[in-house]
Amino acid sequence: MTATPTAPGIDSRGSPGWLRLFYRRNGRALNACLTFLLVWGFFAANNPTLFLIPGYYNAFLFSVPATIIITTALVFVVVAGEIDLAFPSVMGAAGGLFMTLVISGVPVLPAAGLTMLGGAVLGAGIGAIVVYGRISSLVATLGLNFFIVGIVNLLAQGRNIESRDSIGTFGYRFFTGKWDLFGLQVPNHFLIAVAWTVLCYVLFRYHRFGIRVQMVGDNPDSARQMGIDIDRVRVGVFVWSGLAAALCGVILVQTANMVWFPTSGKAYLLIALAALFVGGTPTWGGVGTIWGAFFGALTVTLIPSGAVGAGFAGFWTDFIFGLVIILTMVAHRFGGARVR
Amino acid sequence: MSGAASPLAAPIVELRDIVKRFGSVEALSGVTMEVRQGEVLGLLGDNGAGKSTLVKTLAGVHDPDAGEIRVRGRKVSPWNPLAAREAGIETVFQDRALAPQHSIVTNIFMGREITNRWGLIRVSRQVAEANRLMREIGFTSKVFNPESIVGHLSGGERQGVAIARALYNRADVIVLDEPTTALSLTETQKVFRFVQAVRDSGRTVVFIGHNIYHVWDIADRFFVIDRGRTAFQGAKAAFRGADHLIEMMHQLAETGRADLGSLDPEKLAPSA
Chain A
1 MTATPTAPGI DSRGSPGWLR LFYRRNGRAL NACLTFLLVW GFFAANNPTL
51 FLIPGYYNAF LFSVPATIII TTALVFVVVA GEIDLAFPSV MGAAGGLFMT
101 LVISGVPVLP AAGLTMLGGA VLGAGIGAIV VYGRISSLVA TLGLNFFIVG
151 IVNLLAQGRN IESRDSIGTF GYRFFTGKWD LFGLQVPNHF LIAVAWTVLC
201 YVLFRYHRFG IRVQMVGDNP DSARQMGIDI DRVRVGVFVW SGLAAALCGV
251 ILVQTANMVW FPTSGKAYLL IALAALFVGG TPTWGGVGTI WGAFFGALTV
301 TLIPSGAVGA GFAGFWTDFI FGLVIILTMV AHRFGGARVR
Chain B
1 MSGAASPLAA PIVELRDIVK RFGSVEALSG VTMEVRQGEV LGLLGDNGAG
51 KSTLVKTLAG VHDPDAGEIR VRGRKVSPWN PLAAREAGIE TVFQDRALAP
101 QHSIVTNIFM GREITNRWGL IRVSRQVAEA NRLMREIGFT SKVFNPESIV
151 GHLSGGERQG VAIARALYNR ADVIVLDEPT TALSLTETQK VFRFVQAVRD
201 SGRTVVFIGH NIYHVWDIAD RFFVIDRGRT AFQGAKAAFR GADHLIEMMH
251 QLAETGRADL GSLDPEKLAP SA
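Protein sequences, first through last, are from chains A and B. By our numbering, the letter at position 288 of the first sequence is numbered 288, and the numbering carries on one by one without gaps. By our numbering, the letter at position 57 of the second sequence is numbered 57, and the numbering carries on one by one without gaps.
This is chain A alone, in the form it adopts within the complex:
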């Protein structure tokens, strides 16, 4: 290394060691991981015997994957400086499409693939309306969420779709099979969620698309000046969230024993957004963390059941939920203010 003469002492910024460098690169994700451990530790301290039984986490691992998948995909949307409130409707629509395909004879795995393709197309449509219509994504996706839910309701006429025959097929077992790990039942769809998180991480951190998403969110004018097609990148993040929502829709109907309800997916709106922000992705765009979102999803899923397990009466749940969100927001604030 050739060091040019910079007078020592004038510049007070020290050269960071590898530990500081690691923290600076992964600080948000580490904070989110720490939050999860603290929340878990707080609950576990109140009822250690229950929280040390592996089987206690069966229900947790069964319900957390959908939240993980949608939250990690939403990181792209928020980092690009947009917001997607339409994903619950895509989840519902995807579940309906999936079941329609299954009852008309398409095997589970190809049906899942087609459904994800459909989710991506729907996401592209949502993105195109937001980006080329020059509408605020907050307003546009809020409206589109109602609109898509409405269409799904009209098509379904309020009826459920079920396909008990598919239970036990290879495709069904691919999504819902379980592995026994010292008394803990690890479902396949949890493993799918972990694999999805790794995929999102690589895409976000090491792929041209993820890097450009970060550039567009950080400074759209700069990105445009440097030749990045910022509209295409923005539509791209909605495609990605549509794809994730469709995967969630497929998983939701399968974990409900191959029954689809027209209201499927509705419950995830606030949970996924809470997980995203607890996970340490800031609201201002440009930066975010995939593993943080992963731990955020674990945290918000743990709170309702964990609070009950720790001995709090059920009506404490919302209070604790709110407290954790606010405290982590304050903690993240200390962890990293916006750099301009």
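Hints listed in this document are in silico derivations from the structure and should not be mistaken for laboratory results. Please read all numbers here as calculations on a predicted model, not as lab measurements. Cβ atoms here follow ideal geometry from the backbone N, Cα and C, with glycine treated the same way. Some hints here could point you the wrong way.
Unchecked claim - Distance windows between CB atoms, simulated: (1) A:224 with B:185: 30 to 38 Å; (2) A:323 with B:147: 34 to 42 Å; (3) B:118 with A:232: 14 to 22 Å; (4) B:181 with A:195: 44 to 52 Å; (5) A:182 with B:135: 48 to 56 Å; (6) A:62 with B:119: 28 to 36 Å; (7) A:138 with B:185: 40 to 48 Å.
Claimed, not checked - So, partial list: chain B residues that the calculated Cβ filter (under 7 Å) puts toward chain A: (8) 97; (9) 101; (10) 120; (11) 149.
With chain A's structure known, arrange chain B on it following the hints.
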């Protein structure tokens, strides 16, 4: 001074009789300017003189209404940002087009990432390339490295990031639009060091500035524009000093013309 443009250096960019109108306003009314290989050309002019229109014309943002642009002797038409870039002219605008929350490497490769065929970033190659570019312009320090966040850098250092990026894009001519405006003395010195390194590598710099002393220190030749026309130009040696240049610009502002008789005629505009 090594690398200073000799009078015989070939013009790398020529603007001939450039006219640019915005509605009824004529921002440039027939400007002819040459940028020579390996020189630092200081572009000066009062507010509203047409400086920024001229810069944007060089950058390809404006396509002139009349006149022609030649690069290395060949006429380029149509003239647009892509054509300018392909001709090797890279413009660093005042806002520098950076992403402050990201690293120097990420900024240098913004929009032109080095990837494999799956679109995955070749991280170590980018870092090595960034190191090379930063060393080339003397943009190195113990306190930052290619992984440092741009938002933590000073104004002069951010200019360094933008200049290193311009080099990566294989620019022969780098146009710096007010690179030292709002910078402190030490920061300005840093930018000067980068500019000198760029010139020493045989490339050409067009340096636009408000502060005449700044431009005087760094430029080999001056081009002064006034009310959309070429007011005067001359090599540094034609002037008695920065104060002489300032005096002429005052004259220009007050009377609309400068006394060219005070310049050393031998060194005024060698290639004219």
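Hints, one by one, checked against the model:
no., hint, result
1, A:224 with B:185: 30 to 38 Å, "holds (33 Å)"
2, A:323 with B:147: 34 to 42 Å, "holds (37 Å)"
3, B:118 with A:232: 14 to 22 Å, "holds (18 Å)"
4, B:181 with A:195: 44 to 52 Å, "holds (51 Å)"
5, A:182 with B:135: 48 to 56 Å, "holds (54 Å)"
6, A:62 with B:119: 28 to 36 Å, "holds (35 Å)"
7, A:138 with B:185: 40 to 48 Å, "holds (46 Å)"
8, 97, "holds (4 Å)"
9, 101, "holds (5 Å)"
10, 120, "holds (5 Å)"
11, 149, "holds (6 Å)"
Consistency with the previously given hints is maintained throughout, with no hint failing.
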